[in-house]
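Trainee: Chains as they are written, first to last, in this note's numbering: chain S, 1 to 409; chain U, 410 to 489.
No lab work stands behind these hints: they were computed from the structure. Quick caveat: nothing in here was measured; it's all calculated off a predicted structure. Check before you lean on any hint, since a few could be wrong.
To be verified - Below, computed lysine-lysine pairings styled on DSS-like, alpha-carbon distance capped at 30 angstroms:
| hint | chain 1 | residue 1 | chain 2 | residue 2 |
| --- | --- | --- | --- | --- |
| 1 | U | Lys425 | S | Lys290 |
| 2 | U | Lys425 | S | Lys287 |
| 3 | S | Lys290 | U | Lys431 |
| 4 | U | Lys431 | S | Lys287 |
| 5 | S | Lys67 | S | Lys226 |
What follows is each chain in one-letter form.
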Amino acid sequence: MPHVKCLQCRECKTEYPIEPLNACEFCFGPLEVAYDYNSVAKAVSRKSIESGPNTMWRYHDFLPVEKESAVDISTGFTPLIHAKNLGRKLGLDHLYIKNDSVNPTFSFKDRPVSVTATKALEFEFDVLACVSTGNLMGSVAAHGAKAGMETMVFYPADLEQGKIQGAAVYGPTMVAVEGTYDQANRFCSELADAYRWAFVNINMRPYYAEGSKTLGYEVSEQLGWKAPDHCLVPGASGELHTKIWKGIEEFEGAGLIEKAKTKMHLAQAEGCAPIVEAFETGNNQVKPVKPETIAKSLAIGNPAAGPYSLEVLRETGGTGVFAYEDSIIDGIRMLAETEGIFTETAGGVVISSLKRLVKQGKIKKDEVTVAFVTGNGLKTLEAMGDFVDPIETKPQMNTFQTKLSKRRD
Amino acid sequence: MATKRVKFTFPQELIKEPVIYKLGVDFGIVTNIRRADIRDDMGWVVLELEGESEVVEDGLEWVTSTGVRVDPIAGDIIEG
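Using the sequences and the hints given, assemble the complete structure.
Mentor: Right under this line is the structure:
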């Protein structure tokens, strides 16, 4: 960890030692990892990165952990696919899909959790914990298993069974929290004060958030050491959006890519779009909302990084855009039917929002555009509804042929 | 004694209400504001509360009942 300087408050800039802290003691603002970028620039080159492993750990010089101790389940360096079929449909010649649904637990969460689990071992924590309604719990459970740590997964008691099983299989202690969402939220933040556990998105949040930067590095490297003209990122807490941009800026600062002119767009679902709403109304404040969306992995009504995401939108000339609820499934199916990629509802939000951005003239035909698909469709099968209309046939050739002709007419 | 770090978000119609003052006077809770942003249409205050554990809980329940939103300072931590 030779390049890390300290933790620093995002608001008042007060500095803190590298410890499991997430809030400034003075203003209660969020803490972020600060680096010695001169030291990073001296240590890295395109060649040194290219000779690294085919995982996110090829970028270890930019991460706040010791490489040797990495809790790695082969996360990252996921495919960047030139989406020619979808691009043709939308009128884009250079559309790319960053398919992060092929990570070990099928979502981008493996990136931040891999960094957090590593850091938790460095801090000599025995317990890795999280509170989640889906992707995060599976990733924490898997990394806890790999790290040999005791793992605690908290979730609202009314969560669907499928999501619970997807995490339980890795052997964590599962804790169903009764009450409303807000009660569960407050209870779990108090737990982080009461126990000496590594809560990935609470006391470990500064380190957790850093893992998402690797998406910005990967996309730039995979495009031939060049940042794209546009990124379209799904928005929940807003952290992924800010960190992809931080990754691109860090690559630029280290001299690995030319000056980036990337427009960082943010996609939210109509039923939970507090950041987009603040962007559209010109506010710097994000008004909390009560989520009512089928895109459960984006259902964060009071996004912690909302104000910082707004800053990135405005600084880069990006646009905050929402997908209509009834278009999310269409987005999922459009991506599946054109590119053979089955994404979850968050990906449906991205594809549907992409369509809107193109229609609004925000993205031009010849511009290089990367849409981030962050989770696998098998995780949100229940949201797909009953859309399958099979041909029903007896095991007889003539019956089948008649029915097939009818369907094709 | 317990301390709690919370964020109050005020809707427009409650911006003029002396909610924090009443927490001190009616509940005897010590309040310490660390950061705030109050606009015409909404406002938020990040603060620390200190008092007997049950009293702090009662105070927060009362704040919520007025229509002011109470969150942990980290915002929503239940992630998808």
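Trainee: Could you tell me which of the hints above the structure violates, numbers in ascending order?
Mentor: none
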